[in-house]
Every structure is written in C-alpha cells, then in structure tokens.
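2 protein chains.
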Amino acid sequence: MALPWITTSAPPRSFRSLFKWGAPLEFKHPNPKLYALLKEVFSLSDDDFLTAHQQNSEQGFLGMEDVAAEQVATLDPKHVTALTQICGAENADTNLYARMKTAYGKSTLDAMNLRRKKIQHIPDLVLFPRDKGEVQKIVAYCHEHKIPIIPYGGGTSVTQGLEAPQQGVALDFKKHMNKIIRLNPINQTVTVQPGMLGPDLERQLNQAPQLFDADEAYTCGHFPQSFEFSTVGGWVVTKGAGQNSTYYGKVEDMVICQEYVTPVGEIKTHEFARSSTGPDIDGLLMGAEGTFGILVSVTLKIYKHLPQNTRQFSFIFHDWEQANAAVREVMQGEFGFPSVFRLSDPEETDVAFRLYGIEDTLLDKFLKMRGYLPHKRCLLLGTADGDREAAKLIQSKIKTICKKHGAISASTYPVKKWQVGRFKDPYMREDLMDFGFVIDTLECAVNWENLSAVHQQAREYCKSFSPILCLSHMSHFYPQGTNLYFVFIKNFASFEEYKKFHTGFLETIYQAGAGLSHHHGIGRMLAPWLFKYHGPQVEKLLKVVKGTLDPHSILNPGGTLDL
Amino acid sequence: MALPWITTSAPPRSFRSLFKWGAPLEFKHPNPKLYALLKEVFSLSDDDFLTAHQQNSEQGFLGMEDVAAEQVATLDPKHVTALTQICGAENADTNLYARMKTAYGKSTLDAMNLRRKKIQHIPDLVLFPRDKGEVQKIVAYCHEHKIPIIPYGGGTSVTQGLEAPQQGVALDFKKHMNKIIRLNPINQTVTVQPGMLGPDLERQLNQAPQLFDADEAYTCGHFPQSFEFSTVGGWVVTKGAGQNSTYYGKVEDMVICQEYVTPVGEIKTHEFARSSTGPDIDGLLMGAEGTFGILVSVTLKIYKHLPQNTRQFSFIFHDWEQANAAVREVMQGEFGFPSVFRLSDPEETDVAFRLYGIEDTLLDKFLKMRGYLPHKRCLLLGTADGDREAAKLIQSKIKTICKKHGAISASTYPVKKWQVGRFKDPYMREDLMDFGFVIDTLECAVNWENLSAVHQQAREYCKSFSPILCLSHMSHFYPQGTNLYFVFIKNFASFEEYKKFHTGFLETIYQAGAGLSHHHGIGRMLAPWLFKYHGPQVEKLLKVVKGTLDPHSILNPGGTLDL
Numbered sequence: 000m001a002l003p004w005i006t007t008s009a010p011p012r013s014f015r016s017l018f019k020w021g022a023p024l025e026f027k028h029p030n031p032k033l034y035a036l037l038k039e040v041f042s043l044s045d046d047d048f049l050t051a052h053q054q055n056s057e058q059g060f061l062g063m064e065d066v067a068a069e070q071v072a073t074l075d076p077k078h079v080t081a082l083t084q085i086c087g088a089e090n091a092d093t094n095l096y097a098r099m100k101t102a103y104g105k106s107t108l109d110a111m112n113l114r115r116k117k118i119q120h121i122p123d124l125v126l127f128p129r130d131k132g133e134v135q136k137i138v139a140y141c142h143e144h145k146i147p148i149i150p151y152g153g154g155t156s157v158t159q160g161l162e163a164p165q166q167g168v169a170l171d172f173k174k175h176m177n178k179i180i181r182l183n184p185i186n187q188t189v190t191v192q193p194g195m196l197g198p199d200l201e202r203q204l205n206q207a208p209q210l211f212d213a214d215e216a217y218t219c220g221h222f223p224q225s226f227e228f229s230t231v232g233g234w235v236v237t238k239g240a241g242q243n244s245t246y247y248g249k250v251e252d253m254v255i256c257q258e259y260v261t262p263v264g265e266i267k268t269h270e271f272a273r274s275s276t277g278p279d280i281d282g283l284l285m286g287a288e289g290t291f292g293i294l295v296s297v298t299l300k301i302y303k304h305l306p307q308n309t310r311q312f313s314f315i316f317h318d319w320e321q322a323n324a325a326v327r328e329v330m331q332g333e334f335g336f337p338s339v340f341r342l343s344d345p346e347e348t349d350v351a352f353r354l355y356g357i358e359d360t361l362l363d364k365f366l367k368m369r370g371y372l373p374h375k376r377c378l379l380l381g382t383a384d385g386d387r388e389a390a391k392l393i394q395s396k397i398k399t400i401c402k403k404h405g406a407i408s409a410s411t412y413p414v415k416k417w418q419v420g421r422f423k424d425p426y427m428r429e430d431l432m433d434f435g436f437v438i439d440t441l442e443c444a445v446n447w448e449n450l451s452a453v454h455q456q457a458r459e460y461c462k463s464f465s466p467i468l469c470l471s472h473m474s475h476f477y478p479q480g481t482n483l484y485f486v487f488i489k490n491f492a493s494f495e496e497y498k499k500f501h502t503g504f505l506e507t508i509y510q511a512g513a514g515l516s517h518h519h520g521i522g523r524m525l526a527p528w529l530f531k532y533h534g535p536q537v538e539k540l541l542k543v544v545k546g547t548l549d550p551h552s553i554l555n556p557g558g559t560l561d562l
Numbered sequence: 000m001a002l003p004w005i006t007t008s009a010p011p012r013s014f015r016s017l018f019k020w021g022a023p024l025e026f027k028h029p030n031p032k033l034y035a036l037l038k039e040v041f042s043l044s045d046d047d048f049l050t051a052h053q054q055n056s057e058q059g060f061l062g063m064e065d066v067a068a069e070q071v072a073t074l075d076p077k078h079v080t081a082l083t084q085i086c087g088a089e090n091a092d093t094n095l096y097a098r099m100k101t102a103y104g105k106s107t108l109d110a111m112n113l114r115r116k117k118i119q120h121i122p123d124l125v126l127f128p129r130d131k132g133e134v135q136k137i138v139a140y141c142h143e144h145k146i147p148i149i150p151y152g153g154g155t156s157v158t159q160g161l162e163a164p165q166q167g168v169a170l171d172f173k174k175h176m177n178k179i180i181r182l183n184p185i186n187q188t189v190t191v192q193p194g195m196l197g198p199d200l201e202r203q204l205n206q207a208p209q210l211f212d213a214d215e216a217y218t219c220g221h222f223p224q225s226f227e228f229s230t231v232g233g234w235v236v237t238k239g240a241g242q243n244s245t246y247y248g249k250v251e252d253m254v255i256c257q258e259y260v261t262p263v264g265e266i267k268t269h270e271f272a273r274s275s276t277g278p279d280i281d282g283l284l285m286g287a288e289g290t291f292g293i294l295v296s297v298t299l300k301i302y303k304h305l306p307q308n309t310r311q312f313s314f315i316f317h318d319w320e321q322a323n324a325a326v327r328e329v330m331q332g333e334f335g336f337p338s339v340f341r342l343s344d345p346e347e348t349d350v351a352f353r354l355y356g357i358e359d360t361l362l363d364k365f366l367k368m369r370g371y372l373p374h375k376r377c378l379l380l381g382t383a384d385g386d387r388e389a390a391k392l393i394q395s396k397i398k399t400i401c402k403k404h405g406a407i408s409a410s411t412y413p414v415k416k417w418q419v420g421r422f423k424d425p426y427m428r429e430d431l432m433d434f435g436f437v438i439d440t441l442e443c444a445v446n447w448e449n450l451s452a453v454h455q456q457a458r459e460y461c462k463s464f465s466p467i468l469c470l471s472h473m474s475h476f477y478p479q480g481t482n483l484y485f486v487f488i489k490n491f492a493s494f495e496e497y498k499k500f501h502t503g504f505l506e507t508i509y510q511a512g513a514g515l516s517h518h519h520g521i522g523r524m525l526a527p528w529l530f531k532y533h534g535p536q537v538e539k540l541l542k543v544v545k546g547t548l549d550p551h552s553i554l555n556p557g558g559t560l561d562l
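In order, the protein sequence lines correspond to chains A and B.
Take the first sequence: its position 116, counted from the start at 1, is 115 in numbering that gives the first Met the number 0, and no numbers get skipped.
Take the second sequence: its position 96, counted from the start at 1, is 95 in numbering that gives the first Met the number 0, and no numbers get skipped.
If we strip away everything but chain A, and leave its shape as in the complex, we get (with noise of 0.2 Å):
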C-alpha cells in the first residue's frame, strides 16, 4: 500500500514551509521495505498509518496553516528605524515569518514545536548586513543600545543554536555576505563570507581555474549532511563535521585564520598554519556559537579537488566486535586516511540493507551463506581520496585489514547507494512525523576504549523505550578515536514523552563519559550539560571571555553554552 506522502511544496508562508527539511519540492519518501519495517517493529497495521495520518491533519500537525499569530515585537521602533537605516530598508524585515524564519533550527523539537504552533523564542527584526563594515555598526548600536543580536546562517542548527529568547535583533549572512574574498592558490586557503552556503563554495572552488584564473580546481572537503542548506559560517562556530571528516578533518581542522566582530572590537587571527605565539585565539573564538563575536570572514585550508582519484569499498563482518578491531587498526596503520569512512552496527545494518534494496538480493544471500547473518553482521563502506597512488594504497591496506578481520567486500553499490542518498535522508523526517513518528538523532565523541560501554548503555537506554529502533554508526575516525551518532525512530505519544527520553539519552551519553557532541555543537540543547562536563574552572573561563568580548551579553544570549 502506498502511504499518502506529501509531494507538494508547503504554502508559502506556513508552519510546514519552517520546519520542512530542505528544498521546497525536494522528497525523500520512507520506501516500502523502510514502511514495512515500521509496521513490524511497532506492531502496526496499514491502518494505524492513515489514522495517525488523519488525527495528525485534523489537529492541524501537518502544519499547512499560515503563521497568522503576531507575536509581538518589543524592540523600541526608534531602535527599528535606526537599525534600517545601516543595512537599507530592503535589508531589513519586521515581518513575523522572517522572523520566525531566522529562530527555528531543524531539530526534532523545533520541528514538534512548529507542528504545535508554538511560537516564542523570536527576534524582533532580521537584518541582512552587506559587509563587514555593517556588521560593525549594528554591534557597536546593539551594544549601546543592549539589544540582543542572533547570528544565523543557514538555520540547520540542531541544538536550538538560533533562537531568540531575548528577542532582538537576527543577523542572516546569507543575502550578501556570501561570496569568496580571495582565493589563495599558493597559500592553498580560501578566504569566505560566513554566509556562503556549501554548494555555492564548492562551485566555484571546482571553477577555480574558470573564475579565479587558478592552474588547478580545489576541494573544500566538508560535506556535513546538511551540506546543501549551511552556511560556512555556522560550519565554523559550532565547529561541524563534514561526512569526509576523517581525510579532510573537522572544520577546526581546516580553520587557519579567522576575523570577528565583538562589541569590545575586531579580532583578527594570522594566517599561519601552526605557530607558538601563546594560547591558541582561533581555538578559543571557534565553538563560541555566536556568543563571543560574530564571524565575518574565516580563512579555511582547500585540496585539489581529484575525483578521479576517488576509490570505494565497502566490507560486510560478521560481528561488531570484529568490524571495531578492523577500523581501529585502519586509523592507527599510519598509510592515510580514508575519506568517508562509515561503520553501521547490526541494527543499522539490517536497516541500511532494507534501504538500500540489498535484503534479499543475490548479494544478501550469498553473503548469508558465507555466514554474514543479519543481526549481528556489520556494514563498513567508505571512499579514498588525494593522490591516485595514495588513494589506491589506502583502499588496498583497508582491504588487507578488513580481511584479516573476518570480512568478505560487499562491492561499491553500498557507498554508491549512500552517497546517492548522502544529503537526503532528513527529507524523511517529515514523511514519518506526518504519520506521527519521530525521526531523530543524536551523536557524541569517543575513545577507543570507552567506545564499546558507550554504545552499550546509549542502546540499552533506548531500548528500554521498546519498540523502538535504534540505529548506530560512527564516521568519523582518529587514530585515538571516533564518534557515535544514534538514530532512532519512534511513535512517542506527546511532546512530553519525547522530550523525556531526548534528555534520559543525552543524560546516559554523558554518564557514559562519551563527549557531549562531536561536531553538532552545544546550542541551548545540550547547555545544561556543559559545566558539569568541563567543571567549574572552564565555566569562569568562558563566562569571563564572555563578559571581556561581550559586557552587556548581546551576542546571542539565553542560553547557548550555559553563557
């Protein structure tokens, strides 16, 4: 039975158009091994699916209704006025939807709110500075005036990193500070406004010999999974991970030199890629999130961009515990790195075969044969990338490890299928709320050898929320360590229920002692976790950079960071 997906774009100024993921009339539909899955799973029938269906459009959780609600703007319209007047009254909007635009992130709360109609945590004004000298003005006017000021980017904050509970006024970058500044061909750096959003960037670095004159093409090498609608500037604050992170790093990585606004005034890092001048500046000022200063050029490292040279594989073990030994020894054999480097755990597994069309394939049985059984075999795929020579080695040397591990190569039509669907899995997210699921993730960093009780006790935990499923990989690697992402799905009767076991899990990860968030960042989500994590030293730390930077707390206050 085909279920009745939405297929067409939100109305234009409605809750749906504010949580919806993505491109307007972009999809990503549950397919029918995912659907049947979930009628499994969670003992349903066809049925059940359209009546959460209709429950859902009757209480109006489609979200379809425009945002007709004013919320009201407490910011004196003298401030309104002399605001305008520095970015121009096409730079400036007062209307509720932009503003509401500019405080939702895409979070699974965020998403539950809209859904709700619950409106608060929003600016009063939206501005869209035109160069840095703008940005100057509005802070050094915010400042005097303490009138709250909220960065945002391309609004894919997963931690409630955006919202407004002061109200105030929003900065969005992306209108028109989102162009390249300089491209460095000799230094190998690109120098970006922090509204820029990745495709945009990776265009023209793909170009550069065609709009930059430059004898080679180059890379940026960070595809985070929301690649196609963030912006430079929050990869950098919340100090993301692209889905390469493990050969191109993490953006703190690629970081060499950064420039920030700060009420008190500019800070400007050198471009030097290490030197020993005392305390790191742009480590301290990067994972701020908008609470030391506002960003307004970042200067990243950039690689030839060689697909080409691109190599797949992907490898099939019998069991976790195996796969675990064979990606440690990859990351710790000092040949390179691999580039996307994924390792789902059985559950995810038995899934990803589902999604990708492999169960019940030749492949699926051969590989039963050979004693690859579900439930307990474990899906490794990924890519190498750089030098031809080097990519070649790396894909051979993971091969020979893979091996001695106990595993069989599952041919490159997983990482095709992947890749394929690399950016689109979020679109799902709508589809299975519409049908009152939730769809949700959460991820956190650890070491090698806290990394098998951390994903005991995250998956304990979840299952004792039964049915539910819940989906692991880690993907990003060092030779100390890796990361843990969870995805889990679920029909939670309310809010409440959810919002429940959303902070029980955050809660299990942290006593676990895994690192509270690999590369999502902090937000006012994960804030009340932060001091008990880093102790009471680190938060007068930051509390007085914060207080240095920021005197009157205008940059992005309420919460972000505990700050």
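Any given hint might turn out to be false.
Since copy identity is lost for identical chains, a pair holds within one copy or between any two.
Claimed, not checked - Simulated crosslink set (DSBU-like; lysine-lysine; CA at most 35 Å straight-line): (1) K303 with K499; (2) K375 with K303; (3) K375 with K100; (4) K545 with K145; (5) K542 with K136; (6) K542 with K531; (7) K267 with K498; (8) K531 with K178; (9) K542 with K145; (10) K391 with K415; (11) K462 with K267; (12) K539 with K173; (13) K136 with K77; (14) K542 with K499; (15) K131 with K415; (16) K267 with K499; (17) K531 with K77; (18) K77 with K178; (19) K145 with K116.
No lab work stands behind these hints, which were simulated from the structure alone.
The model shown is predicted, which means the values in this text are computed figures rather than measured ones.
Since the structure of chain A is provided, determine the placement of chain B on it from the hints.
Below, chain B without anything else, positioned relative to chain A:
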C-alpha cells in the same frame, strides 16, 4: 692549526656549568672547514683567534669560576619552612647554585649574562614536588601568601622563559614527576608527568612490549633539537616542534588532554581526539608558558615505532626559487607528508657542504659539473616514516617532484650526516663563544605567500651587519606554509652590540609579516612584540584569563607572554 677548544668538564659550581649546553663531557668542536670559513668571512688569522681566546680567559669570560657571590633571598624563612615541609627537606634547595640553575635557559643572552657573571632574576627556593598533591599544596600556599612560582622542566628555553624577576619558588619536575602515568595501546596514547625527559619517554615507548606488556613498540615522534635535555612539560607549555613534525605534527597536534593545577582549582580536559563542546580549552591552556597553571599531566598521541620503514633522501636544487616551488608541491600533493623535511638556503647549503665534508669531494665536483653551483644551490634532505609502502610512496613522489623542479639526488649521505649531528650542533656554541663568536638562532612562522619576503628582509637586515654568516632553512612544513629558521654567526664587539642586533632582527621579522615564533615560544624575549602582533582584544582576553586563573599573578610572573 688546532685551536685550544675546551674539552674538560666545567667545574662543578661554575658559571660555565650553567651555560654549557648538554652533557658535561660532550662536545662538538667546529671542524677545520668551519674554522677556515670563519677566518675567511671575518678576515681573521689564527693569531686573532688565539688573542680572542686569551682575552676571554683573562676577563673570566670562559666562566670557569665558582658562582660564589651570594644573592640575597628575600623569601621569608617561615615560607621556606612551610614549603619545605610539603616536599620534604631532601626535595627543597636554597643553595645559590641550585637556584641559578633553574633561572637560566639556553639562549645566547643567558650565556652572555653568565659569562659576564651577571646574576639576576633567580628564585629563592627550588622545590622538587613528588606528585600532583604536592603541587596543589604548593600552589595553594603560594597563592595565599602571594609567592611567585616558576615551573622548570629541562631548562632549554631560548626565550627567557625561566627567569624569576620577582624571585619566589622554582618547581623542578625532573627529579620525581618524570614518569609515564599510563600507556594506553587501545587509544594509542600515553599519559606523562611533566618532568619526563625526551629520551626516557622515547626509550620506554620503544620498549612498550617489555615494559607495558603492549603488543607493539611505540614512538613519541617528537624530536626537537633539545630532545635529550628538554621535558614533555616544556614541549607542551611552549608549543614546541620536533624535527620530524612535518609527519608527526607539532606538540599541539599530539596533545589529547591535559591536567593543570591553578591557584583557583584544577582543570582536567577530556580524552577525545575532537569534539564540539564549545571553545578549545586545551588550546587555550597550551602555550601559556606556565602563566595560567601548572601542568601536572598530559596525554599525548603516540605512533607505532617502525624505524625499519624509514626512507631517506636528499636533493640538490639549482636555486632557492625552484626548491621552494618543489617543497610546496610536495606539501600540497596529498600523498602523505615526509617526516624530517629540511630545505637549506644557498648560504646554509654552502656551510652544510663544509660541515658535512661534501665540499671538494667527488660528489661536489659532479654537482658543479652538472651546474649546481655554490652560492646558488640548495640542499633538501629528509625522511619518510610510517607504513612501509606509504613511506616508499612518499619518497618516490618527492623524487618525482624534485626532479621536475630541476633537482638531482644527492644520495643519502647528507641526511645521514645530518642525523648523526641532529642533536649535537648546539655544543658548538660554547666553543665559538670562547673565541668571541656568537652563534645564535631565531625562527618564525610563514605562509607560502610571504615566505620570500620574510627570508629576503631578514637576510638583508642581517647582511647590513656584515661581515656576518646568516644561514636559513625551513624545517616544519604544512600544505599552507612552513617556518623559517635563521642561524647567524658573528663576532659582536660587545653585549650591547649583540643585543641591538638581536632586537632589530626580531623587529624585522615582525615587520615583514611573519608569525613571531613557530616553535620556540614567546617567553620574556619576544613578549614586547606579542600584543602588537595579536592586537588589543587578544591582549584583553589573555589578561582576563590570567586574572581569572591566577588572581594574585603568582605564576611565572614578570613578563612571560607580556602578562
């Protein structure tokens, strides 16, 4: 003519024993070729050398005298008693010689001051804490009574990082806090106390199977020129770099987490390779050079010990420009990085040919015949480490790139000669100073784009003091840039003349746009430039962090990092 080099151990409590580099009975005398070069460049005869030597002897500049003069200790005896009780009488020393030992580093300025018998800026008491608990007690006591603390590791600072202008207490970690706390083969990390010397750490890692029951032998990968006499704590707090840093990274790339004792409490960071939990606390604490807290343990990445895989190479280029293009291409080639990688400019290449005994050999004649001429040619030498095939690939790629840029292989002889002497060159300093010559170094960070300008302006400045020898090399490489290391030799007429030259050199590097230091750190020597370089906001930040962690300003006070 053989010059009367000093070949005896310096008298036990002499000034010379304080400023002489390295082991008491180890020497590296300038060879006849270098001696001939000095006479040639500075238009001197054998007689001039002997006269200089006699004059130095007569004036006591050889420093053979006992450090008899007493320096008044101003620390209240009740504090001495209280602090002594913390560590035990056998771990406390008020003897002048012991106090002097911790206050002088190995810079030329230190040596000159000691040769001139200038005793200043020394602590009143030296303590040898046995564990973190004692450090906590000492810090608490000193915080309460506002007594300065100067942490001391190997004493190899070349930036006046160890002086005690406000006297107080030096903490020497080498006596007790010099051990591996934990080797973790799973995470491939080692947790170390700050006073552990390089060779002790390296030996224990190499013997991990025997000492720690590990499956593999490891290496720390960090081999600064001071390796034999510097400590892990010193590496970390100054952000040092080893000679193999192009592959293994600078020490800040190796640090996974740290533990500091500060006057307001303890800070312990988490053992994750990367995370997204706000600003980088490790980066903020590293490079503080003892002014923010006392490092009591650090967890470092380690690597497999695979010396059997090391490949060696050296190449001669026609000129500096071609050589620069080649090394940049190597670093941006995406096939992995060499380990040792060292490119000498023409003047250093000429001197290296003399020192390594290549000049006038068959190899030299062959090179000249092929058009690789003195005063123009440049020597590149290096090694490749890691996995066997990866190291082989790196070597082969480097060869191809070097040949493309007109270079010819110079066999492995130069790199073998360099390796034999890699930790020994500093020994020449005493010999040269005994004969009135200063041999000193300065280093800075550059990116590829400003490398030439910095090199040219530094050399121009240097040569304005002709006759002078000014050798330069790059030895720490990144895709985005490298460092420049200058070695200069000159017979300065006076301390003041040297000091004037030195200050002007630093100002030249700063004005040319280089990073003040790539790996020596700031100390008190570069402090006057630090905040000009970073700007007023960073100055505020560092001062407020300092004020928060060390409200009474007791930690390494009196100018380090200009704090």
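So, going through the hints one by one against the coordinates:
1. Taking CA atoms no more than 35 Å apart as the test, K303 paired with K499 passes in neither setting, with 46 Å inside one copy and 45 Å between copies.
2. Only between protomers do K375 and K303 lie at most 35 Å apart by alpha-carbon distance; the minimum there is 32 Å, versus 39 Å within a single protomer.
3. When the C-alpha separation of K375 and K100 is checked against a cutoff of 35 Å, the pair qualifies neither within a copy, at 43 Å, nor between copies, at 63 Å.
4. Both within a single protomer and between protomers do K545 and K145 lie at most 35 Å apart by alpha-carbon distance, with minima of 15 Å and 27 Å respectively.
5. For a Cα distance limit of 35 Å, the shortest separation of K542 from K136 qualifies both inside one copy, at 25 Å, and across copies, at 27 Å.
6. With identical chains, the CA atoms of K542 and K531 are at most 35 Å apart both within one copy (14 Å) and between copies (25 Å).
7. Within a single copy, K267 and K498 get their C-alpha atoms only as close as 41 Å, which misses the 35 Å cut-off; across copies the closest is 31 Å, which meets it.
8. Taking CA atoms no more than 35 Å apart as the test, K531 paired with K178 passes between copies only; the shortest distance there is 30 Å, against 39 Å inside one copy.
9. In this assembly of identical chains, K542 and K145 lie within 35 Å of each other by CA distance both inside one copy and across copies; the values are 18 Å within and 25 Å between.
10. For the identical chains of this complex, K391 and K415 are neighbours both inside a copy (18 Å) and across copies (31 Å), given an alpha-carbon limit of 35 Å.
11. With identical chains, the CA atoms of K462 and K267 are at most 35 Å apart between copies only, with a shortest distance of 33 Å across copies and 48 Å within one.
12. When the C-alpha separation of K539 and K173 is checked against a cutoff of 35 Å, the pair qualifies both within a copy, at 34 Å, and between copies, at 31 Å.
13. In this assembly of identical chains, K136 and K77 lie within 35 Å of each other by CA distance solely inside one copy; the values are 16 Å within and 57 Å between copies.
14. Only within a single protomer do K542 and K499 lie at most 35 Å apart by alpha-carbon distance; the minimum there is 29 Å, versus 42 Å between protomers.
15. Proximity of K131 and K415 under a CA criterion of 35 Å is satisfied in neither setting, with 42 Å inside one chain copy and 53 Å between copies.
16. For the homomeric pair K267 and K499, the shortest alpha-carbon distance between copies (31 Å) is at most 35 Å, but the shortest distance inside one copy (43 Å) is not.
17. Within a single copy, K531 and K77 get their C-alpha atoms no closer than 42 Å, and across copies no closer than 39 Å, so neither meets the 35 Å cut-off.
18. In this assembly of identical chains, K77 and K178 lie within 35 Å of each other by CA distance solely inside one copy; the values are 32 Å within and 65 Å between copies.
19. Proximity of K145 and K116 under a CA criterion of 35 Å is satisfied intra-copy only: 30 Å inside one chain copy versus 59 Å between copies.
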